[in-house]
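Engineer: Each chain, written out:
2 protein chains.
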Amino acid sequence: MTDNIKMIEEKLFSYLPEKELLEKSLIDSMKYSLKAGGKRVRPNLALEFCKLCNKPAEKAVPFGCAIEMIHTYSLIHDDLPCMDDDDLRRGKPSNHKIFGEDIALLAGDALQSLAFEVLSCEDTIRLTSAQACIKAVNTLSKYCGAVGMVGGQVIDLENEEKKAPIEVLQIMDIKKTGGLIKAACEMGCIAAEADEEKINAAGIYGEYIGIAFQIVDDILDVTSSSGELGKPVGSDINNKKSTYVSLLGIDKCIELVNELTDKAINALSVFEGDTKPLKDFAVKLANRRN
Amino acid sequence: MTDNIKMIEEKLFSYLPEKELLEKSLIDSMKYSLKAGGKRVRPNLALEFCKLCNKPAEKAVPFGCAIEMIHTYSLIHDDLPCMDDDDLRRGKPSNHKIFGEDIALLAGDALQSLAFEVLSCEDTIRLTSAQACIKAVNTLSKYCGAVGMVGGQVIDLENEEKKAPIEVLQIMDIKKTGGLIKAACEMGCIAAEADEEKINAAGIYGEYIGIAFQIVDDILDVTSSSGELGKPVGSDINNKKSTYVSLLGIDKCIELVNELTDKAINALSVFEGDTKPLKDFAVKLANRRN
Chain A
1 MTDNIKMIEE
11 KLFSYLPEKE
21 LLEKSLIDSM
31 KYSLKAGGKR
41 VRPNLALEFC
51 KLCNKPAEKA
61 VPFGCAIEMI
71 HTYSLIHDDL
81 PCMDDDDLRR
91 GKPSNHKIFG
101 EDIALLAGDA
111 LQSLAFEVLS
121 CEDTIRLTSA
131 QACIKAVNTL
141 SKYCGAVGMV
151 GGQVIDLENE
161 EKKAPIEVLQ
171 IMDIKKTGGL
181 IKAACEMGCI
191 AAEADEEKIN
201 AAGIYGEYIG
211 IAFQIVDDIL
221 DVTSSSGELG
231 KPVGSDINNK
241 KSTYVSLLGI
251 DKCIELVNEL
261 TDKAINALSV
271 FEGDTKPLKD
281 FAVKLANRRN
Chain B
1 MTDNIKMIEE
11 KLFSYLPEKE
21 LLEKSLIDSM
31 KYSLKAGGKR
41 VRPNLALEFC
51 KLCNKPAEKA
61 VPFGCAIEMI
71 HTYSLIHDDL
81 PCMDDDDLRR
91 GKPSNHKIFG
101 EDIALLAGDA
111 LQSLAFEVLS
121 CEDTIRLTSA
131 QACIKAVNTL
141 SKYCGAVGMV
151 GGQVIDLENE
161 EKKAPIEVLQ
171 IMDIKKTGGL
181 IKAACEMGCI
191 AAEADEEKIN
201 AAGIYGEYIG
211 IAFQIVDDIL
221 DVTSSSGELG
231 KPVGSDINNK
241 KSTYVSLLGI
251 DKCIELVNEL
261 TDKAINALSV
271 FEGDTKPLKD
281 FAVKLANRRN
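Chains A and B supply the protein sequences, listed in that same order. Using this note's numbering, read the first sequence as starting at 1 and increasing by one per residue. Using this note's numbering, read the second sequence as starting at 1 and increasing by one per residue.
Be careful, since some hints might not be right.
No distinction is drawn between identical chains; accordingly, a pair holds when it is met within one copy or between any pair of copies.
[What the hints assert, rightly or not] Distance condition first, Cα-Cα at most 27 Å in a straight line; then the derived DSSO-like pairs of lysine-lysine:
#1 Lys276 with Lys162
#2 Lys163 with Lys24
#3 Lys241 with Lys92
#4 Lys97 with Lys55
#5 Lys241 with Lys97
#6 Lys252 with Lys162
#7 Lys24 with Lys284
#8 Lys31 with Lys92
#9 Lys6 with Lys162
#10 Lys92 with Lys276
#11 Lys35 with Lys276
#12 Lys241 with Lys35
#13 Lys284 with Lys19
#14 Lys279 with Lys19
#15 Lys55 with Lys241
#16 Lys252 with Lys97
#17 Lys6 with Lys92
#18 Lys279 with Lys241
#19 Lys162 with Lys19
#20 Lys252 with Lys163
Simulated from the structure, these hints should not be mistaken for laboratory data.
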């Protein structure tokens, strides 16, 4: 999977416009957050599903880059003072602390546009097909918009001071975190021009590991040290927010993560290729320490 | 052209997700700004260019709606406190004054996603083709992103307190205002599956009327009354910003608008259809009072 991340990172920055004199700060700001990177979970999934459909991972690289751009824009906007007002992101100053709120807002906006530009440019069409590209645009736009990631953010905001029940927490996470992970899995199959059955199965895998991912986040928020996590620990609990841990307790959470991981792995049964890397990945996400 | 606007507005709101209980405020916020509407200049242009290429206007309706969504998101973000901090938009409270900064930010984000969802959904593909749709995605994403509209915003921000020279003002306006108008003209031809020569000519028309549009804005900012304009007059001059009027004076500005309008009309010569509606439209934009 290190190969996947290398392929993604080699390509990711090449899509940024050449530094134009007048908009230098914008491009710097976009690059800053793309570089701050992370585990590249989403593009990695896109590449793995493409390989599982017996196509070279290269085919899914532009799709993976587009997903990472959407993920990055969402983090920049999430950290803004009118949202979570976070000064730190992965142990580094958040985008607006360096570039100012106005440029950070616009860098997020431009990263969203760039994602769709990448999905629709001539190179990407040549690598896959116009049909695959337009399907990828539709998948990504749906899962990142009002009924997907952004909708999940709104549910999060509106339940900040409330003790939201587990059902609300789950809908929120399926949209907010699960949406983009699901999109990544489906888009890997779309890049490989796989059939609907495979695309749907990939989506189910994505949805389950997406919820598991969020529950692990909640667990780490109370069990990890600030150094491991790259952000202050206990921030959710200080916020009086409902979390899986506050609603279910740690033991039940760990059990739930294992259950969801099993369900995700079961969804892979429709694929004929080697499912081991994606099984291992689901287990690794469940057991991560940061 | 009233027919065009009717067709757009009938379709525009149908793309909004059904009000989901948990995200009601988001959908309300998106709808509020889409409704606040305006002259629907951009979608109208898309429909007119489609007709000029001898295809029914209906073919360009989804493209027109997508462009209006991008335009609307840019206005919501533009009015935010960290940007222009405007309390009024077209004589009504701006989005964040009603829904709060967080929801306004997210409504803008979701409108951008929705634009690309509209361009890539099955209904739109059936109405045109996968090739036309992916080309529309590429055109819109390019003109609204870092080297287009958002880039123009950044140039605007960075020259707020400076006396920017006319060259900077022009680059800014070609990107900030001209970009989306140009996209609209090109996308009308793309919906009609016209050839590159026609798409380029439409883009040239769009670029010229786009700059003219901005110069007229600057003229109206000093000559119009607040009631006519729906926003405080003289706001640009109070901001110490360079404007075409402050750099060139009103007489020279009027001359320039007429010159640009002539150039735009000349670009229409490659089309065989009836160019009168687009000629009239360019003249009407040049002579508008609000």
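Engineer: If a hint holds in the structure, say so; if it does not, say that too.
Structural biologist: The hints, checked one at a time:
no.	hint	result
1	Lys276 with Lys162	neither (41 Å within a copy, 59 Å between copies)
2	Lys163 with Lys24	between (44 Å within a copy, 19 Å between copies)
3	Lys241 with Lys92	within (24 Å within a copy, 35 Å between copies)
4	Lys97 with Lys55	neither (42 Å within a copy, 50 Å between copies)
5	Lys241 with Lys97	both (25 Å within a copy, 26 Å between copies)
6	Lys252 with Lys162	within (22 Å within a copy, 60 Å between copies)
7	Lys24 with Lys284	neither (39 Å within a copy, 37 Å between copies)
8	Lys31 with Lys92	within (14 Å within a copy, 37 Å between copies)
9	Lys6 with Lys162	neither (42 Å within a copy, 43 Å between copies)
10	Lys92 with Lys276	neither (34 Å within a copy, 57 Å between copies)
11	Lys35 with Lys276	neither (29 Å within a copy, 51 Å between copies)
12	Lys241 with Lys35	neither (30 Å within a copy, 34 Å between copies)
13	Lys284 with Lys19	neither (38 Å within a copy, 38 Å between copies)
14	Lys279 with Lys19	neither (41 Å within a copy, 37 Å between copies)
15	Lys55 with Lys241	neither (43 Å within a copy, 54 Å between copies)
16	Lys252 with Lys97	neither (38 Å within a copy, 43 Å between copies)
17	Lys6 with Lys92	within (22 Å within a copy, 50 Å between copies)
18	Lys279 with Lys241	neither (32 Å within a copy, 58 Å between copies)
19	Lys162 with Lys19	between (45 Å within a copy, 21 Å between copies)
20	Lys252 with Lys163	within (18 Å within a copy, 63 Å between copies)
The structure is inconsistent with the numbered hints 1, 4, 7, 9, 10, 11, 12, 13, 14, 15, 16, 18, although it conforms to all the rest.
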